[in-house]
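Trainee: Listed below are the residues making up each chain.
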Amino acid sequence: MSTIVALPDQETARLPKLSYLNSEYGLKSWLLTGDHKRIAMLYLISITFFFFIGGAFAGLIRLELLTPLPDLVASDTYNKLFTMHGVIMIFLFLVPSVPATVGNFVIPIMVGAKDLAFPKINLLSWYLYIAGACFLVFALLNGGVDTGWTFTTPLSTHYVNTHVITAAMGVFIAGFSSIFTGLNFIVTIHRMRCPGMTWFRLPLFCWSNYAASILMVLGTPVLAITLVLVMLERTVGIGVFDPTKGGDPLLFQHLFWFYSHPAVYIMILPGMGVISEVISTFSRKRVFGYTAVAFSSVAIAVFGFFVWAHHMFIMGVSNYSALVFSLLTMLVAVPSAIKIFNWAATLYKGSITFETPMLYAFGFMGLFTIGGLTGVFLGSLGMDIHLTETYFIVAHFHFVMVGGMLMAYLAGVHFWWPKMTGRMYPESMSQLSAVTTFIGFILTFFPQFIVGYLGMPRRYHAYPPEFQVLNVLSTAGATVLGIGYLLPMLYMPWSLKYGKIAGDNPWQATGLEWQIQSPPLTENFIDIPVMDHEAYDYDWLEHKTAHEVTTVG
Amino acid sequence: MHISPVLWQFLVRWLTNSALFPPEASAISPYMDAFYFFLIAISAVGMIAVIILVFGFSIMYRKEKNPVATQIEGSTLLEATWTIIPLALFMICFVWGALLYFRIYDPPTNAMNIYIVGKQWMWKAEHPGGQHEIDSLHIPINRQVQLTMISQDVFHSFSIPAFRVKREVIPGRYSTVWFEATATGTYHLFCTQYCGTDHSAMIGEIVAMTPEDYQKWASGSTSGASLAQNGERLFASLGCNSCHSGAASARGPNLAQVYGSQLQLADGSTVTANDAFLRETILNPSTRVTAGYAPIMPTYQGQVSEEGLIDLVEYIKNLNSNYRIQQTLTTSQIASGQAGASSSSPGSSSPAMNYRPQQTLGAGQGGPAKAGKTAPSVPGTVNQ
Amino acid sequence: MDSHAIATEHGEQELHGEAHPAHLRHHFVTVDQQRETASFGMWLFLLTEIMFFGGLFMAYLLYRNWYYDAFVASSNTLGIGLGTTNTAVLILSSFTMAMGVYSAEIRNRKGLLISLSCTILLGLVFLGIKSVEYHEKYVEHHIPGASFSIEDFVHPTDKRDVPLAPDMAQHAQLFFFLYFAMTGMHALHMIIGISILFVLLYQAWHGAYVNGHTSTIDNFGLYWHFVDIVWIFLFPLLYLISRHPLH
Chain A
1 MSTIVALPDQ ETARLPKLSY LNSEYGLKSW LLTGDHKRIA MLYLISITFF FFIGGAFAGL
61 IRLELLTPLP DLVASDTYNK LFTMHGVIMI FLFLVPSVPA TVGNFVIPIM VGAKDLAFPK
121 INLLSWYLYI AGACFLVFAL LNGGVDTGWT FTTPLSTHYV NTHVITAAMG VFIAGFSSIF
181 TGLNFIVTIH RMRCPGMTWF RLPLFCWSNY AASILMVLGT PVLAITLVLV MLERTVGIGV
241 FDPTKGGDPL LFQHLFWFYS HPAVYIMILP GMGVISEVIS TFSRKRVFGY TAVAFSSVAI
301 AVFGFFVWAH HMFIMGVSNY SALVFSLLTM LVAVPSAIKI FNWAATLYKG SITFETPMLY
361 AFGFMGLFTI GGLTGVFLGS LGMDIHLTET YFIVAHFHFV MVGGMLMAYL AGVHFWWPKM
421 TGRMYPESMS QLSAVTTFIG FILTFFPQFI VGYLGMPRRY HAYPPEFQVL NVLSTAGATV
481 LGIGYLLPML YMPWSLKYGK IAGDNPWQAT GLEWQIQSPP LTENFIDIPV MDHEAYDYDW
541 LEHKTAHEVT TVG
Chain B
554 MHISPVLWQF LVRWLTNSAL FPPEASAISP YMDAFYFFLI AISAVGMIAV IILVFGFSIM
614 YRKEKNPVAT QIEGSTLLEA TWTIIPLALF MICFVWGALL YFRIYDPPTN AMNIYIVGKQ
674 WMWKAEHPGG QHEIDSLHIP INRQVQLTMI SQDVFHSFSI PAFRVKREVI PGRYSTVWFE
734 ATATGTYHLF CTQYCGTDHS AMIGEIVAMT PEDYQKWASG STSGASLAQN GERLFASLGC
794 NSCHSGAASA RGPNLAQVYG SQLQLADGST VTANDAFLRE TILNPSTRVT AGYAPIMPTY
854 QGQVSEEGLI DLVEYIKNLN SNYRIQQTLT TSQIASGQAG ASSSSPGSSS PAMNYRPQQT
914 LGAGQGGPAK AGKTAPSVPG TVNQ
Chain C
938 MDSHAIATEH GEQELHGEAH PAHLRHHFVT VDQQRETASF GMWLFLLTEI MFFGGLFMAY
998 LLYRNWYYDA FVASSNTLGI GLGTTNTAVL ILSSFTMAMG VYSAEIRNRK GLLISLSCTI
1058 LLGLVFLGIK SVEYHEKYVE HHIPGASFSI EDFVHPTDKR DVPLAPDMAQ HAQLFFFLYF
1118 AMTGMHALHM IIGISILFVL LYQAWHGAYV NGHTSTIDNF GLYWHFVDIV WIFLFPLLYL
1178 ISRHPLH
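Chains as they are written, first to last, in the working numbering: chain A, 1 to 553; chain B, 554 to 937; chain C, 938 to 1184.
If you are wondering where the hints come from, they were derived from the structure by calculation, not from laboratory data.
Keep in mind that this is a model prediction, so the values were computed, not measured.
A portion of the hints provided could be inaccurate.
[Said to hold, decoys possible] Residues on chain C that point at chain A, a partial pick, calculated with CB under 8 Å:
id: 1; residue: PRO958
id: 2; residue: ALA959
id: 3; residue: ALA996
id: 4; residue: TYR997
id: 5; residue: THR1022
id: 6; residue: THR1024
id: 7; residue: TYR1039
id: 8; residue: GLY1082
id: 9; residue: SER1086
id: 10; residue: GLN1107
id: 11; residue: PHE1114
[What the hints assert, rightly or not] No more than 27 Å apart at the CA atoms, straight line, and that leaves these computed lysine-lysine pairs for DSS-like:
id: 12; chain 1: A; residue 1: LYS544; chain 2: A; residue 2: LYS349
id: 13; chain 1: B; residue 1: LYS618; chain 2: A; residue 2: LYS544
id: 14; chain 1: B; residue 1: LYS672; chain 2: A; residue 2: LYS500
id: 15; chain 1: A; residue 1: LYS349; chain 2: B; residue 2: LYS616
id: 16; chain 1: A; residue 1: LYS349; chain 2: A; residue 2: LYS17
[What the hints assert, rightly or not] Far from chain B, some chain A residues (derived; all Cβ distances over 10 Å):
id: 17; residue: GLY26
id: 18; residue: PRO70
id: 19; residue: ILE130
id: 20; residue: ALA131
id: 21; residue: ALA322
id: 22; residue: LEU327
id: 23; residue: ILE338
id: 24; residue: PHE354
id: 25; residue: VAL376
id: 26; residue: LEU454
id: 27; residue: GLY455
Here a beta-carbon is modelled for each residue, glycine too, at the ideal position from N, C-alpha and C.
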């Protein structure tokens, strides 16, 4: 079996006359839309906005950490900076990033449906996101919150006088946004697949989002009730988590981490789905071991529910329960390793090109591997004693979240940008951004592993002077990283007006979304398609393009 | 190439001041570092494998060189290989890590105990001999030291990177960690659990000294009264001796030699009377009633600080005869007017003061220290 | 404008004999698909609700284990008569709701209206009895916080009650906190349910749901039954276990 690489001649491509973007005009048509694609665009704008706010806080943090003394901002301010950075980045950016933007846009088309199962609930999700974000912005403008994104009790319930309830409410509401998105995806993938679209013909992006949606749906409500208890305790002061009143602060930890560990898989799984699509497309090859990759997504989701106490190894949990959680943590690391190897094997005997999404995907593979392996460091009980609560942890989760997930998100946005907007972004500019981001990232976060092993604690405003060099390196890297993230903000909007017209299938990819026009019609398909070939069937694509009469405009 | 002298100095200072890992100053540090290097090694192997595959394949099979891709479904053998090998490696990490963890968190029986109370935003260290320190901890090298820690307010975490130990310091319950320092010197002490405004200022020094220097330090730093002696005073002033008088008909159980023993509780369960148990009983007596006694002990929640609780626990720990209780009674009787007036506990009414001293049951005064308990033999402190 | 290379299938609606019914949303191919999808969605949502209540149940189990005596004593102060009545009211309301679903299916508009009204009424009765119970707690100074009094636990009036030590009696506050949190969260779900019932009643009055499209009533019925089931777990846990007989 073979495939010929023949990218279409974009010079002849024209924008379609009618698409979801111009089917209706006016603010109301956007704010009251049921169209999953428009909702995806609304999300894209919102989360980008919050990404830059969270990023600004990160910049201030790194700026402060240039010097060992607490000389840029006051301690309380610094504490608010890292708290808001964490809360915004996790709940307002990473959790909705791929699912709510790319997922919303692409999943209905991938399964061959005209929309998600519940379009109105999809819109409600966005409004809940905005409402939650408003609460957080309110808390921010009224002095910020300084409990850390983990809301550890009894600090958050009895010892700070910032707007904890407002912030907790914001996270609570944003959590329901996440639950409804996940619910929508699960039902869509179960019930809205077009004729012939069996589970194993679904693109792996659907599998990953399905697994993440299970986590969203089952895990987020526990966070919701935990935050309710925190809010109640702050108001009534009854002592559910206060030991002086007979409560148990560790109960909070268990309840909180029961969600927050699956949360990290909620964040990464959709990104892994993107990587599957990108690597397949730019190697012109079916993903190696489709079944293994699909099941490993589900395995990560299932195992992910049973490892929460690895965030609590030094908190006085019994040695034996620590054993169990450490063992399960090792087990949950294996499916991720399987995926990395499967993606690498996909490259074998492929026909590889290095467009921007592929560069981001390579970046993901390298950085996520490092991040994931350092997770094994932390899952090993004894090692965790020394490494936990230091910058090693900070480096670990930034490697997986930023080096992994954020790169996957950017890969996804770049990959589906032509589909979403009908335009190509400038390739050389975007490749430069990808490389800049990669270099900046390593420079920022690799020194943090070292300074973490040296013992520098996290959430520290000031530090012993011997840690300064590594911190300076880290801040220098952050500057480069910032540039890498700012560039897409410039050339993506530029491309909306001046980018090359993309045509239906600029990457010659196999998914259903690439067989329709760019940008798609509001109803995606005029008639529901019938799926008669496997996923990633480049043979089928080759035959199709050979016989196809391409209609544009 | 002429390198700027400033930059060179900077580099040299950094290179000499910090290796890529903290000093190895405890018995467990080399083991921790060995494990770390193993983890780095397997990570490096994994990393290199992935890099070689990705780079290698992308160069070998780039479009210019390989215009036609070969569709490959998969290979169960390969899947099995790269499932089983990582799993095996991770299992090695699991076992090694677990062994290390148990080693650090299972305290040895003969360790010297020091109490740590963390509060926003300082560390208070209390040696049994009565030495009190703030934001520092003096310890002898080549001696097993156990820290019994508790927080007065929020979660903190006691971290000594040079010793490779760290444990959360929790409000409401004791947590312990132990180490054996092997190199003299001054090392960082950090609070590593975010605890509010001055979290980054909750740092201190661990001063590891030779045993002789430690003795000198200890004798020069004591306030005169050991923790147990403070506890004795507190025991009297809170009126504990009114019920825990040691008599057979007393309302409260006899506390002599109760520490470390197996106690039968009223609900039928058996518990070991350790530090945590003693502390809990003082604060929540109704949940831990000893079998055969009525649940009439009042709670002292809010009336005694964590340091006070530590003093009481130390006192009870060192109580190996009724005689000590008699001594306490005697002391309180002498000061009965003041004790009665100034006592703030609700249950300390006068009947206790009329109590008739009872003969000791064989264990003499100043008997040998309880097995397993070692206290620094410093002149001026009372050795139970 | 679609690519002709993808085979398409014309809508199956013609085969059903109903050419594109009004309530068929544009993104569904058949009415069956729409109905099944909506049902699946509701079941999944109820699963999230179970996880939501789960945290509270977890806290209750933990503290009941720690402070058994206080929890037993507190539980005995809850009125068993009112609690049982409420349980019966709610089960009855589930029955009337089920009757409503049946009426909708057999296209009996009058039956549907009566059933929905009865469900609303019974729901309001439940909330009414709940507020009486809450008021009782207020009067007895059992509301956790500043006004809480441990008198009833340290010097119980009922001879069968074992008097608690003051520190254990303080932990009764935890019971009541969880009692108010759990029943309050349940009541919130009831209030939301009753509000939706009013909307359904209004729609049914204008002829909705009895024309073959019963999906909304079906799924709301699921929600209502779920709220009932939560109560059926709460009632034994809070009121019944370790109770003095005939208290």
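Trainee: Name the hints, by number, that the structure is in violation of.
Mentor: 1, 2, 4, 5, 6, 7, 9, 14, 16, 18, 21, 22, 23, 24, 25, 26, 27
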